[in-house]
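Protein chains: 2
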Amino acid sequence: MSNSVTEKQAKRPNYFDYRREIDRLTGIEVLDTFEKFSQRDDVFCRALWDEGVANKKVKDFYQGYYMPKAKARKADGFSQRDYALRNAAWHVCNLIREQKDGRKEGFHDHFTSHDDGAPEPYAFQSDHQATEDIRKVAAFAGADLIGICAYDERWMYDGIYDTRGKSKPLDIPGDLPNVIVTGESMDKDLTATVPSALAGSATGMGYTNDCVTLLTMAQYIRNLGYRAYATMNDSALAVPLAVQAGLGEGGRHSLLITPEFGARLRLGKIFTDMPLVHDKPKKFGVKEFCDICNRCAKGCPPKAISFEGPSDKIFNRSNLKGVVKWSTDAEKCFKFWVNQNTDCSICIRVCPYNRDYSVWYNRLWQKIAGGRFRKFALWLDDRLSQRKRMKSAEWWPKKNI
Amino acid sequence: MSNSVTEKQAKRPNYFDYRREIDRLTGIEVLDTFEKFSQRDDVFCRALWDEGVANKKVKDFYQGYYMPKAKARKADGFSQRDYALRNAAWHVCNLIREQKDGRKEGFHDHFTSHDDGAPEPYAFQSDHQATEDIRKVAAFAGADLIGICAYDERWMYDGIYDTRGKSKPLDIPGDLPNVIVTGESMDKDLTATVPSALAGSATGMGYTNDCVTLLTMAQYIRNLGYRAYATMNDSALAVPLAVQAGLGEGGRHSLLITPEFGARLRLGKIFTDMPLVHDKPKKFGVKEFCDICNRCAKGCPPKAISFEGPSDKIFNRSNLKGVVKWSTDAEKCFKFWVNQNTDCSICIRVCPYNRDYSVWYNRLWQKIAGGRFRKFALWLDDRLSQRKRMKSAEWWPKKNI
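Protein chains in written order, with my numbering: chain A, 1 to 401; chain B, 1 to 401.
The set of hints was computed from the structure by calculation and includes no laboratory data. Wrong hints could be hidden among the right ones.
Copies of the same chain are indistinguishable here, so a pair counts whether it falls within one copy or spans any two.
What the hints assert, rightly or not - With a Cα cut of at most 20 Å, we get these calculated DMTMM-like pairs of lysine to aspartate or glutamate:
#1 K188 / D144
#2 K391 / E288
#3 K335 / D60
#4 K188 / E260
#5 K136 / D189
#6 K282 / E21
#7 K71 / D116
#8 K399 / D127
#9 K71 / D115
#10 K287 / D23
#11 K332 / E308
#12 K398 / D127
#13 K100 / D115
Quick caveat: nothing in here was measured; it's all calculated off a predicted structure.
Bound-form chain A, shown alone (with noise of 0.2 Å):
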């Protein structure tokens, strides 16, 4: 296990009893033959480099994401009006992210820390304080949820992309005790439509939001005088580091599943020196839920989910090796994106757990699903849900302001 985890890290004190502590807690399961993973195995990076996954239609779908080359077709969800929604969804996500030099920032390089912050560390009464201070801002700053887990050096990548073709090691500092987790909710209405070019608009959107509030957040803790290191899918991990900052579960379609939006949400993570209290991880029944239930597996249309339970098992070099969990196909996975020429939720959609909980019956349903009588909860999803797809021209009529 030695390759897993720094010398820095492994001499801080307790760190291995942190991990026995905290993946008991976690219900992960790593073994023995653990590896750091290295992002470029990562299918989108795949798809710059490795001749198994790029190709011309991989290009081609890269370059729908601008207009004009979006390639409409008639098809509902995938017209004109429909990839103009979903490729400005992504506009200012786009705008923000530097990319120069092989940087290609939230995807493969943290942001930038643009303003200089304030020279000496704010004093707060106590780290209860900074916590409670920190949850204010993130909801302020547009997160939906927040958690906080300590460092843990086995989600840091072995190795970031640089978009000109090779590794480089990662730049985030080891020595930032804490890592900062939160969570971005996508449009419901808009995901029930996937799979649409529009659905894409939600996630677009849902990128764009996730820049603001991890941007405006990391600079009010360097204004605050700590350090702070916003990322969004690039450096680390974000399923497990969700996970035991408390955030939710991991489900059977390799996602992360949360009590208030299901699978319906993006993550974010801030690492930093601000001093802050740590979540417990949140158990609410999903391994056992998922256990039973099989819909992800059963309504992606690639068969890139598993239909067996948890292992260590792995398809191919983008899956993360030596953990026990459910995984799924990048590479089937990522061929259907670009073969219907847009990103796909279905697994998100068809998920039991994507459900509106600020309504009473589905609270009660979760509770349901989250006991031993979780057969019952799914028999009723099946007579009850209407979780078919909605019709993007239905959509789009909708009402709102």
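We have chain A already, so just place chain B on it with the hints.
Using the frame of chain A, we list chain B on its own:
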């Protein structure tokens, strides 16, 4: 009046008929002495060139928007933590808007159109459908209010300000027939803490969110194949356009008062040739209520708001000439901002229309205020409303997520 419109606009069929009709509906009285407003005379621009406004203190005031020059002090609402949040709230807005070659997007210049749109305009079934469509997208992109009016040359700036110290021509084409006006509400609790640096966080985050909304909407319109220029405080006077677009009425404090948020919002404008149906101006008794109310005038520490009725009286070169309305003394207002080392919005806080209209009795109050029992509404507000300053130290511990 020849100096108030371009030749192009005057040549448009029925432009003068339109003006007569819209002024009748809005109640805005434009006199023969009317002159278009040159942005150079805006007090924020004068702070850059006019010795009567610019000085060392003004420079310090602006530098304070970046740590560590914030000059925090011990008073409630002005601590390092308060400035840390205020400055962080502005951070993404500062990143998004390009500032080079004398440009200051969103404040002096319109936002750059970064990505190409579609080459051919999308064919809507009707202008009505296009209008419903952009309303949907506005809500999706984060707008709280939207209204549409015709382009009106009178409210366009007669030259905009180049931060290098000179006036330059406005570069928004005069042949775009429609203006979309958006409103973004500001955090009610934060506004309640004014005067405070903390309250400035609502301003900063308002601008940040506004940038995201306007850039997303404008890119969407371009992606449909139409032209769109996204503007914030730049390019044109927002209040008369918002009134013409049916968002609300102008109040004694010279801000827009809306039925949904009172004056607690920020305005954006998009100039476009997307085919759209215009909204009708909306009167709900603000003019008559402000006639008998002077809360903002009494509440303004530097007495920048008039106790008198609407007139074409001007205080200094920062006022618009030749329009009968409530005007404020921008020099006194801005001087107060500089002296207290943050922006002020006491007039927004103390305005009786500053209420939470999700609550039925506040909607009822607004109905009364808009009718002949308005004096009773004012009396009620006096007796029942706690519109006092909330301590910043009380805002921080309030739970959100």
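Now the hints, each set against the structure:
no.	hint	in the structure
1	K188 / D144	both (14 Å within a copy, 18 Å between copies)
2	K391 / E288	neither (33 Å within a copy, 47 Å between copies)
3	K335 / D60	within (13 Å within a copy, 55 Å between copies)
4	K188 / E260	within (12 Å within a copy, 25 Å between copies)
5	K136 / D189	between (28 Å within a copy, 12 Å between copies)
6	K282 / E21	within (14 Å within a copy, 62 Å between copies)
7	K71 / D116	between (43 Å within a copy, 15 Å between copies)
8	K399 / D127	between (44 Å within a copy, 16 Å between copies)
9	K71 / D115	between (40 Å within a copy, 16 Å between copies)
10	K287 / D23	within (14 Å within a copy, 64 Å between copies)
11	K332 / E308	within (17 Å within a copy, 71 Å between copies)
12	K398 / D127	between (45 Å within a copy, 17 Å between copies)
13	K100 / D115	both (19 Å within a copy, 17 Å between copies)
Checked against the numbered hints above, the structure violates only hint 2.
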